[in-house]
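Could you put together the complete structure from these sequences and hints?
Here the protein sequences line up with chains U, H, A and D, keeping their order.
If you're matching positions, the first sequence starts at 1 in the working numbering and goes up one per residue.
If you're matching positions, the second sequence starts at 1 in the working numbering and goes up one per residue.
If you're matching positions, the third sequence starts at 1 in the working numbering and goes up one per residue.
If you're matching positions, the fourth sequence starts at 1 in the working numbering and goes up one per residue.
Warning: the hint list may mix true and false statements.
Have a look at the derived ranges for each label pair, beta carbon to beta carbon [as the list claims (entries may be wrong)]:
1. U:189 - A:525: 42 to 50 Å
2. U:150 - D:5: 55 to 63 Å
3. A:411 - D:203: 52 to 60 Å
4. D:181 - A:239: 41 to 49 Å
5. D:149 - H:323: 49 to 57 Å
6. D:247 - U:137: 51 to 59 Å
7. U:54 - D:112: 53 to 61 Å
8. D:1 - H:50: 40 to 48 Å
Calculated pairs, DMTMM-like style, for lysine to aspartate or glutamate (alpha carbon to alpha carbon, straight line, at most 25 Å) [said to hold, decoys possible]:
9. D:83 - A:435
10. D:115 - A:393
11. D:176 - A:279
12. A:413 - U:198
13. D:85 - A:362
14. D:146 - H:88
15. A:436 - U:201
16. H:97 - D:234
17. U:186 - A:458
18. U:68 - A:435
19. D:85 - A:219
20. U:81 - A:117
21. D:85 - A:168
22. A:408 - U:73
23. A:222 - D:58
24. U:81 - A:393
25. D:85 - A:182
26. A:163 - D:189
27. A:413 - U:154
28. A:249 - D:189
29. D:253 - H:98
30. A:241 - D:234
Over 12 Å on every C-beta distance to chain H, these chain D residues come out as not near it, computed from the model [said to hold, decoys possible]:
31. 6
32. 81
33. 96
34. 152
What the hints contain is simulated information worked out from the structure, not anything from laboratory work.
Owing to the predicted nature of the structure, the values given are computational and were not obtained by experimental measurement.
Built from N, CA and C at the ideal position, the CB exists for glycine as well.
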Amino acid sequence: MTIPASEMEGHAVPPLGESEEGVAGKVAGRSPTQLAMARFRADKLSMISFYVSCFVVFAAVASPILVKIGVFDPDGLNQDKLNTDLGGIPHGAFGGVSWSHPLGLTPGNGEDLLSRLSFSMTYSLGIALTGTLITVLIGVVLGIISGFSGGFVDATVGRFIDLTLSFPQTMMLLALAAPTVLLIRKDVSELPLLGFLENPDLANGLFVVIILSAFGWPPVARVVRGQVLSIREREFIEAAKLIGASRKRLYFKEVLPNVWAPILVYTTLLIPAYISAEAAFSFLGVGIKPPTPTLGNILRDSVSWTTADPTYFFLPGIVLALTVVAFNLVGDGARDALDPKTHR
Amino acid sequence: MTDMHSNDGPYLSVEDLVVHFPTADGIVKATDGLSFTLGRGKTIGVVGESGSGKSVSSSAILGLHRGSSAQVSGRIVLGGTDLLMLSDEEMRLRRGKEVSMIFQDPLSAMHPYYTVGNQIAEAYLVHNDVSKKAARARTLEMLERVGIPQPDRRIDDYPHQFSGGMRQRAMIAMGLINDPGLIIADEPTTALDVTVQAQILDLLQDLQREFNSAIIIITHDLGVVAEMADDVLVMYAGRAVEYGPTKDVLTHPQMPYTWGLLSSVPDVQGDTNAALIPIPGNPPSLLNPPTGCAFHPRCVHRSKVPADLCTTTLPELLPGSQGPGHTKRCHLADPDELYRTEILPEIMPDLIVED
Amino acid sequence: MAISKKPFAALAVAALATTLVACGGSDGDNGGGSKSEGTAGGNAIFYNGVRNTEHWDPQRMYIGRDLNNSGRLFYRSLVAYPASNDPVKGTTPIPDLATDTGTSEEAGKVWKFTVRDDVKWEDGKAITCEDFAYGASRNFATDVIIGGPANYLFTYLDIPTGKDGLPEYKGPFKKTGQDLFDKAVSCDGNTITYKMKKPWPDFPQSIASLRYLDPYRADLDKGDASNFQIISNGPYKLDGKWTEGTGGKFVRNTNWDAKTDTIRKALPDTWQFKEGDTEETIYEQFLAKTGDANFGVTERRMPPTFYSRIAEAGKLYTKVESPFVDYVLPNFNSPVFKDIKCREALKFATDKTAWINAGGGERAFTPAYSAVNPSVPGYEKNAAFGDIPDNGDIEQAKAALAECSAPKPVKIKFTYSGGTPTSDKQASALKAAWDKAGFKTELDPLADTYYSVIQKPDADFDVTWGGWGADWPSIGTVIPPLFDSRINITPSSNGNDYGNYKGGPEVDAMIDAAYAETDLTKAASLWAGVDAKLGEDVAYIPLEITIFNFLHGSKITGYSNNVSTNGYADLATIGVTK
Amino acid sequence: MVAYIIRRLIAGVVLLVVMSIVTFALFFASPIDPAQFACGKNCSPAMKAQTAASMGYDDNFFAQWGKFAKGVFVGRDFPDDPKLKITAPETIAHCAAPCLGYSKERTSTVTDLIKQTMPVSLSIAVVAFAFWIIGGVLLGVIAALKRGTLIDRGLVGLSLVLYAFPTFFIGLLLLKFVAIQWNWVPVPEYTPIAEGGITGWLSSLLLPAITLAVFFMAGYVRMTRAFVLESLSEDYVRTARAKGLPKRTVTFKHALRAALTPIVTMAGLDFAGLMGGAIITESVFNYPGLGKLAVAANTDFDLPTLVGLVILLASFVIIANIIVDVLYAVIDPRVRLS
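Next up, the structure:
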C-alpha cells in the first residue's frame, strides 16, 4: 500500500532472524515446519483470518464461473429499480437490499452489488497475486544471485536497487499509465501470442502489475540477500561446492530451500499491500475501469455516495478492509509461527 | 560477615529448584527439582549438554526469569535469605551486587553502542552512590586487575574493538566490580581458544581467592571442571544425575551419562589409543521427556537393569558406593565395577596399569 | 457536459442560448435564481473546481466559463451581451468599449467599429484602436498564441493562406507578412476596420461571444509568458499574480469608470477565484451553509450524488437547460460502420433513457434529437431521430442489423472519454442497450489521452462520444466545425470530425450555400437542411442536452443563470450580503 | 567520513544522470504527442509542428536530453528561436540554471513551479512526519512492552484496521465529516506561516497531516513493536538486567536505543519520499503541492514538469539515503563508513 512512492515503503516486513536455540528450539522430534504449522494452528486469530482469506480466494475463483452460469450478474442493469429523480439511488431500504440483491444495487445503473464485490475479488486478487509473484520472483532471483556471488555482481544489483528505489513510484505510475497502456494495447498486442492484451481490462491490469512489481522487488531482494549471506558460509553449501554442484543447483537447490521462510512471510504481507495499492491506484484513475469491477474502482465510485446511499458507501470499504486485515494477519501469523523470537 | 556465612551452613543452598516455561507447544521443564549447596570461596561446576538446564537454573538464581512467563519454585537461599521470596526490587538490588553473572559470548552480551568502560561503570554506579568520576576510576582499576593492557586507553573502546579474550576479561571485570559473594560463570571460556581459556580460568581463580567469593561455573567441558571446581553437578534433561566432590566424580563416576561425558573428552596428555566414545542419540525433548530415567533411550547399559526399571521408574538421586557426599541418579547395581571393567579400559587404558 | 470533460472537450464553447428553459416546479427550482438586489461591498468567491483555467490571455481563451467570467469582471471588448435572461435581449450584442454595435459594408464583408475615447486600462492608459488591432494580430502567432478560436479569423479575415494551410501573416512576434495584416485590419483615428474574404453577418456576435478580438497592450505582451497575465479594463484587476491550481484574487480597478459601463454592476469589493476543489467538496460546503462557501458561486454542475439533498438547499438551487448537446459518432472508417445499415442499427439500438439515467436521470439530462441545441435559431428536430422512442427501437434495430454487412455478432468498440465514475456508468448503460440489439460492444474508456487517440484518422474505434455547444447562436458554429471534412480532416488528425464523416461534394455545396446566405433566418433553414442530411447518413446519433443543476452560497444576491452567460451564473449582477 | 560523503554524493550524481536518461527514454517512447496537447484541439499539422519546435520536441532523443542537461548547468531559453530573439525578445522565457525545463501548459519554468509548490508538500510532510513518528514509535514501544496484553492487541489491531483503509478513503471521510459537516475544524486550505503564523499554518495542516500520518503510523506501530521485541530478547539486555539496572534503564537505555536504529533509516527514507508530495492526500484536500502539480502535469502531458519532478524527487531520495547512512554510523559505532 503506499502506494505510495515510498508510501508503500512504510510497510516493509521486519527482518527475520532465524530462530536460534530459543526455548522452542530445544524441542526435538518435530521438524521446524511441523512446529510452525502447530504454532500457527494454535493461534486463533491467525486461523480465523486464514479462513477469511480462503473465503476471499474462493470468491475470486468461483465468481467467474458463477457469472458464466448466470448466478452473478455484475454489470446487468436494473435501472427500473432506481429512483431516477434522486440521481438514481435504489428504491427501498439499505440501497435496495432484497432477496435477489442481498447487498443492494449500485446507484445509476442498478447493478447487483454482491455480484460486483464478489467478482471484483477475481480482478483485485488476480492483480495482487500476479504482482506479488513477479515481485518475489525478481527479488529472490536477484537477491540470491547478488548475495551468493557477491563482488561485482552484488555491487551491480545494489546500484540497480538504488536506481529503482529513487524513482518516485506514484508519479511514475501516473505519468506512465496512459502511454504504457496505449503501448500495450497497440504495439505489444501485435506480438505473437500477446493478442489478448488488446483487451483494455487485461492491458490496464498488466500495467498495474508491472508498476507494482517494478517498484516492489528491491526490499525482497534485500531480505533474501541478507539471508543468503548468513547461510552462504554454512557447511552444506561448502559441501555442495566441493562435490562440484553447478551454480544453478547451488542457488536454487541448496540456497533457496533455506531462505523460504522470510520469502513466504514477505509474500503473505505483499498480497494485502498490493490489494490496497490497487484501490489507491483506482482513485488516481489508473487500473481496470468499470463495468469490470475491482475493489478499487467500486470503492472509487462508492465514496461519493456517503449520504445519498450509505449502504453502497460502507459495504465496499468494509469488504476491502476485511480482506486486507485478514491477509495481513495471516502474514503476521506465519511470521510468528516461523520465528518464535518475535512471538506475540 | 563473610565468616558468619562460612561458619553456619553453606553460603548458597538451592533446594528443589523448578523452572518451567509454558510455550505455545506445551510446558518445557527446563529445570526439575534441582538441589545443591555452595560455600564461600568454593566453586561448583555444573556440567551437561546444551539444553540440559544448566543456564536456565543459574539465571533462575539471578532472578532473570522474573517478569517472564517462566514458573519458578523451590528455594534459593543466599546468605540466609530466600531469593525467591524477595520482591522484584529487592532482587534487583542484589543482582550484580551479591550475585553476578559472567556470560558466554561477550560480544553479544555487551551492548554494541556503549563503550566498555561505560558499561562496566554502569554496573558500579547502580549499586554504589558515587560520582561518575569515582566509578570511572574504579572501572580502570578493575580493567587493570583483569589484565587489560593500557586500560586508560581501552576504557573508551567499544566491545567490537576488543579481542575475544579482552572482552571476556572485561565481562569478568563487570561481574566482579561490586565484589559479589556469588559469581555465576556461564561457559566463560567456550568462545575462546585454549591458551586464552587457561588465562581466563586462572584469572577467575585468583579473583576468587582475593574476594573469597563462591563460583558456579557452567560448562560442558570436564577439563574446566577438573581445573576449577571443588564439587561437580552433572545435569541431564533438567535434573541432577550425579553430584559430588569433583575428584570423586571424575575418578569414580557412577552414572552412564557421566561416563559418556568423560569418554567424549579428548584427554590432553592421554595416549593416542584412547578411544573417543560419543554419546549416541540426541538430547531429549524437554516438552515430553522420556519416561523413567530420562537417559534410558541413549543408555547402553539399560539391559543390565532388571525388569526394565529404567524405562518405567525415575531413579532417586542417592548416595552410591562412594559415601554420602557423592550422589547419583541410576538403577545400575554396581556401577563402579562396570566402569572399571568395561569403560575405563576403553577410554583411559593407561589408568588401568597403576590400578 | 463537454465543458466539464477532459482537456480538449472543454474547448467546445457555450452557445448564446436564445431560450434557457427555466424548468420551474418543485424542490426550489427557480430558473433565473435569487433575484434579490445586491448591495455593494463584501468578498465573493468563484469556485473554478477541478478544471483549472488554462488561459487568461484573451486571444487564447476558448472555454465558456472563462470567457463569461473574464467578460463580466475584467475584460471588455467592442461589444458584449447585456446581463439578461431574456432570450432575445440576452443574446443581442450592445456597445461596450465601442460606441455602437458596428456597421457593415459590402454585405458584411467589411466591418467598422468606433472605440470610446473615455475608457482606460487598469494602469490609466487610454484604450486605443491600435490596441484592438494588436489584439487581433496576436491570433496569427500560431506558435505562441495557442488554443484560441483563431480559426475563425483564418477562415474569414482577408489574409492569404499559405501552402501549409496557415495564413501568410505570422503574428506580431515574427512580424512575417505584417503588411498583409495591416491591410486587413486598419485604424483610422478611433475607428477600426476589419476586411473579410467573404460575408460575415454575425461577426459582432462572434466578438461578444469570444474574446479573440479583445484589445491587447503591445507594450505588455510577453507572448507565451502572458498566458496568465491579466491587463484589466473592467471593474476588477488581478491582485498579485495568478497561480495555476490555486487561483487568484481580484480587487477593484480604480481606472474603470462605471459611467462607461452599462453591463457590469461590480457589487463585491473582491472576487476570489479558487481552483482544484472537487464538486463534492464545493457542494457539501454550500449545503453545510458554513464558512466562506456562503459567499461562493461555481460553474461545476451538481453531482447526482446530491440530488437527494436538493430539498435541504431550498432557494440555493437552480436548474436550467444548457446549450450543449452530447452524441455518439459512428466511425466511417470502421469496417462495420462504413455500412449505412449498421449505422442505422446502432441508431435504433441506442437507448437514450438508459444513458440519461446512468448519468443522473431526467434531472441531469433531457433527450436530444439533433446535434444542434434547440436554443440555436433555426433548430429543427432532426427527422432521422425525432420519432425513435427515447429508449430505442429494438425491433427496427434488429431488422437493420440483419441487413448489416458486418459478420455476426457485430463486434464494436466504443471509445469514450472515461475517467469519472459517471461517464463509465453511462457507457455501460449504452453497451447494455446495444448488446441487447445484437451488437457485441467492447468498452474502451480513455481519460487524458481521449482526444489524442480519437483524433487519429486511423484510430480503430467503431463508435465514439462527442459533445458540443455553438460558439454563437448560429448552426454555422455547430455543423461545419463538427462535420465539414474539408476543415477538419488532415492526414494527421480529423479535427472535430471524430467520426471521419466525409459529406462529399453534395454536403460541401450545402454548407457553402448556407455560409454564403447573408440573411441569417434564410441561412438558418439552409443549415437545418444540412443537419437533416447528416441525419440520413447517420453521421451522428444525438443523446441528450445537459441540464445545469447548480447551488450557490447562501449569502449570494442577484444570482441568475442568464442566457447571456450560457446558463452559467452571471457574475455581472452578483453581490454578497454580510 | 567527509571522503565517504563526497564519494556518495558523486555516486548520487551519477545515479541522477542515469535516472534522467531513463526517464527521458520512458517518456520519449510514449506514443502520446505532448505537442498535440500543448497545441490544443483545432490544431493543424503545421501549427503542431511549430509548437513542437518551440518546445524542442522536434529534436532526436539525445539532442533533447543534451539540451536538458545543458540547461541544468547554464540555463536555456524557450522558445530557443534566434529569429524571435531579434523581432520579439520579450516573448522569450529565460529559464535560469539550474533549469529543469519550461512548462508551456503552465507558462512557467519548472524550477519556479517547484519553488511555488515545494513549501506545501514540505509542510504536510513535516507535520505528518511528526505525528506518525511520535505516534507510531510511542505506541509501538508501548505495545511491545505490554506484549500480549489487551493494550498490545488493541494497538496492533487498530493499526491494522487503519492500514487497511486506503488513504483517499480516510482523507475523504475526514474532509467531509470532520471539516465540512461537523465543522470541527475549518475546511483545510493551505496557509503559509507568513500569512497565518505558526498556529494558522499548523491548523491548516491538521487534517492532511493526520490522513497521511495514519497511513504510516499503522506501519510504524507494527515495525517498532517487532524491533523492540527483538532487541528485548538480546543478550546485552539480559546482561543489563543481570547488572541490577532498574527496568527503566534497561528498557530505554539498552533495549530501545538498539531497536530504534532501523526505524531511523526507515523514517528518513519515507520522509524523503513524502517531500516529493503525497499525491493522494494533496488531491483529496486540494493542496497545491508537488503531488497536485504532478497530477495536473499528468492530465495535460506536461512533460517538462513531469521530468523535472521525477528528477527532483529522485534527488531527495538519494540525498536522504546518504544522510541516513551517515546517521546510522553515528548511532551505531560498529558501522564504519568507507
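Checked hints:
A hinted range of 42 to 50 Å holds for the C-beta pair residue 189 of chain U and residue 525 of chain A, which are about 49 Å apart. Taking 55 to 63 Å as the suggested C-beta distance range, the pair residue 150 of chain U and residue 5 of chain D does not conform, at roughly 25 Å. Here the CB-CB span from residue 411 of chain A to residue 203 of chain D is close to 57 Å, well matched to the stated 52 to 60 Å. A hinted range of 41 to 49 Å for the beta carbons of residue 181 of chain D and residue 239 of chain A is inconsistent with their spacing of about 32 Å.
The hinted window of 49 to 57 Å between residue 149 of chain D and residue 323 of chain H holds, with their beta carbons roughly 53 Å apart. The given range of 51 to 59 Å is broken by residue 247 of chain D and residue 137 of chain U, whose C-beta atoms sit roughly 46 Å from each other. Under the hint 53 to 61 Å, the C-beta atoms of residue 54 of chain U and residue 112 of chain D, about 55 Å apart, fit the expected range. A hinted range of 40 to 48 Å holds for the C-beta pair residue 1 of chain D and residue 50 of chain H, which are about 43 Å apart.
Annotation: proposed proximity of residue 83 of chain D to residue 435 of chain A is violated, straight-line Cα distance about 58 Å (limit 25 Å). For the suggested pair residue 115 of chain D and residue 393 of chain A, the alpha carbons sit about 59 Å apart, so the restraint of at most 25 Å is broken. For the given pair, residue 176 of chain D sits about 12 Å from residue 279 of chain A by alpha-carbon distance, which is consistent with the 25 Å threshold. Proximity of residue 413 of chain A to residue 198 of chain U is assessed by CA-CA distance (about 11 Å); at most 25 Å being required, the pair is judged to hold.
As the CA atoms of residue 85 of chain D and residue 362 of chain A are separated by approximately 56 Å, the hinted pair breaks the 25 Å bound. A hinted pair counts as satisfied when its Cα atoms are at most 25 Å apart, and residue 146 of chain D with residue 88 of chain H qualifies at roughly 18 Å. Distance hint between residue 436 of chain A and residue 201 of chain U is fulfilled; the C-alpha atoms sit about 22 Å from each other, no more than 25 Å. A threshold of 25 Å between alpha carbons decides the hint, and for residue 97 of chain H with residue 234 of chain D the separation of about 22 Å falls inside it, so the pair holds.
Distance hint between residue 186 of chain U and residue 458 of chain A is fulfilled; the C-alpha atoms sit about 12 Å from each other, no more than 25 Å. Between residue 68 of chain U and residue 435 of chain A the CA atoms are separated by roughly 17 Å; this keeps the pair inside 25 Å, and the hint holds. For the given pair, residue 85 of chain D sits about 16 Å from residue 219 of chain A by alpha-carbon distance, which is consistent with the 25 Å threshold. Of the pairs offered as hints, the one joining residue 81 of chain U and residue 117 of chain A is violated, with about 65 Å between alpha carbons and a cut-off of 25 Å exceeded.
Taking the CA atoms of residue 85 of chain D and residue 168 of chain A, the gap is near 20 Å; set against the 25 Å cutoff, the hint holds. Under the criterion of a C-alpha separation no larger than 25 Å, the hint pairing residue 408 of chain A with residue 73 of chain U is consistent with the structure, at around 24 Å. Under the criterion of a C-alpha separation no larger than 25 Å, the hint pairing residue 222 of chain A with residue 58 of chain D is consistent with the structure, at around 24 Å. Distance check on the hinted pair: residue 81 of chain U and residue 393 of chain A sit about 22 Å apart at the alpha-carbon level, within 25 Å; holds.
A hinted pair counts as satisfied when its Cα atoms are at most 25 Å apart, and residue 85 of chain D with residue 182 of chain A qualifies at roughly 23 Å. For the hint pairing residue 163 of chain A with residue 189 of chain D, the CA-to-CA distance comes to about 52 Å; that exceeds 25 Å, so the pair is violated. Between residue 413 of chain A and residue 154 of chain U the alpha-carbon distance is near 49 Å, which puts this suggested pair outside the 25 Å criterion. About 15 Å separates the Cα atoms of residue 249 of chain A and residue 189 of chain D, which keeps this hinted pair within 25 Å; it holds.
A distance of roughly 23 Å separates the Cα atoms of residue 253 of chain D and residue 98 of chain H; the hinted pair therefore holds under the 25 Å criterion. Only pairs whose Cα atoms come within 25 Å are accepted, and residue 241 of chain A paired with residue 234 of chain D is rejected, the gap being roughly 60 Å. No Cβ of chain H approaches the Cβ of residue 6 of chain D within 12 Å, the least distance being about 26 Å, so the stated non-interface status holds. At the 12 Å boundary, the C-beta of residue 81 of chain D stays outside the reach of chain H, the nearest C-beta of that chain being 62 Å off.
Residue-level check passed: residue 96 of chain D sits 47 Å from the nearest beta carbon of chain H, beyond 12 Å. At the 12 Å boundary, the C-beta of residue 152 of chain D stays outside the reach of chain H, the nearest C-beta of that chain being 14 Å off.
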